[in-house]
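Sequential numbering of the sequence shown, starting at 80, is according to this note's numbering.
Derived by calculation from the structure, the hints in this document are not laboratory data. Wrong hints could be hidden among the right ones.
[Stated by the list, open to error] List time: in silico DSBU-like cross-link candidates among lysine-lysine, alpha-carbon distance up to 30 Å:
{"no.": "1", "residue 1": "LYS126", "residue 2": "LYS111"}
{"no.": "2", "residue 1": "LYS111", "residue 2": "LYS143"}
{"no.": "3", "residue 1": "LYS126", "residue 2": "LYS143"}
[As the list claims (entries may be wrong)] Computed spacing ranges between beta-carbons, pair by pair:
{"no.": "4", "residue 1": "SER124", "residue 2": "ASP88", "range": "34 to 42 Å"}
{"no.": "5", "residue 1": "ILE149", "residue 2": "ALA105", "range": "17 to 25 Å"}
{"no.": "6", "residue 1": "ASP88", "residue 2": "PHE130", "range": "14 to 22 Å"}
Note that CB positions come from ideal geometry on N, CA and C, so glycine has one too.
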Amino acid sequence: MQHNHFSTDQVLSNLNIDELNPMQLASIEAAKNQNDLVLLSATGSGKTLAFLLPILQLLNPDNKETQAMIIVP
80 MQHNHFSTDQ
90 VLSNLNIDEL
100 NPMQLASIEA
110 AKNQNDLVLL
120 SATGSGKTLA
130 FLLPILQLLN
140 PDNKETQAMI
150 IVP
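Hey, can you work out the whole structure from these sequences and the hints?
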């Protein structure tokens, strides 16, 4: 279920990003249909944002419990 309390446009504006790159757009589309994603792209290509934007759309700001966990090496 999507909550959409976070505006992607507002997030990008806050980060001074004019537009998403093709890899980021593809990631967002893939996240709509898949629960598990692996992003393979060069360093500095925007994988972190591509990974986080779909998660932001699922968060419910009224729920104070843990809703997402990100584990990195």
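Holds or violated: LYS126 and LYS111, Cα atoms, limit 30 Å. holds (17 Å)
What's the verdict on LYS111 and LYS143, does the C-alpha distance respect the 30 Å limit or exceed it? Since the Cα atoms of LYS111 and LYS143 sit roughly 24 Å apart, the hinted pair holds (cutoff 30 Å).
Is it true that SER124 and ASP88 lie within 34 to 42 Å of each other by Cβ? Violated - the Cβ-Cβ distance for SER124 and ASP88, about 21 Å, lies outside 34 to 42 Å.
Is LYS126 close enough to LYS143, meaning Cα to Cα at most 30 Å? Since the Cα atoms of LYS126 and LYS143 sit roughly 27 Å apart, the hinted pair holds (cutoff 30 Å).
Assessment of proposed distance window 14 to 22 Å (beta carbons of ASP88, PHE130): Between ASP88 and PHE130, where Cβ atoms are some 18 Å apart, the hint holds.
Do the Cβ positions of ILE149 and ALA105 conform to the proposed distance bound of 17 to 25 Å? holds (20 Å)
The structure is inconsistent with hint 4 alone, although it conforms to all the rest.
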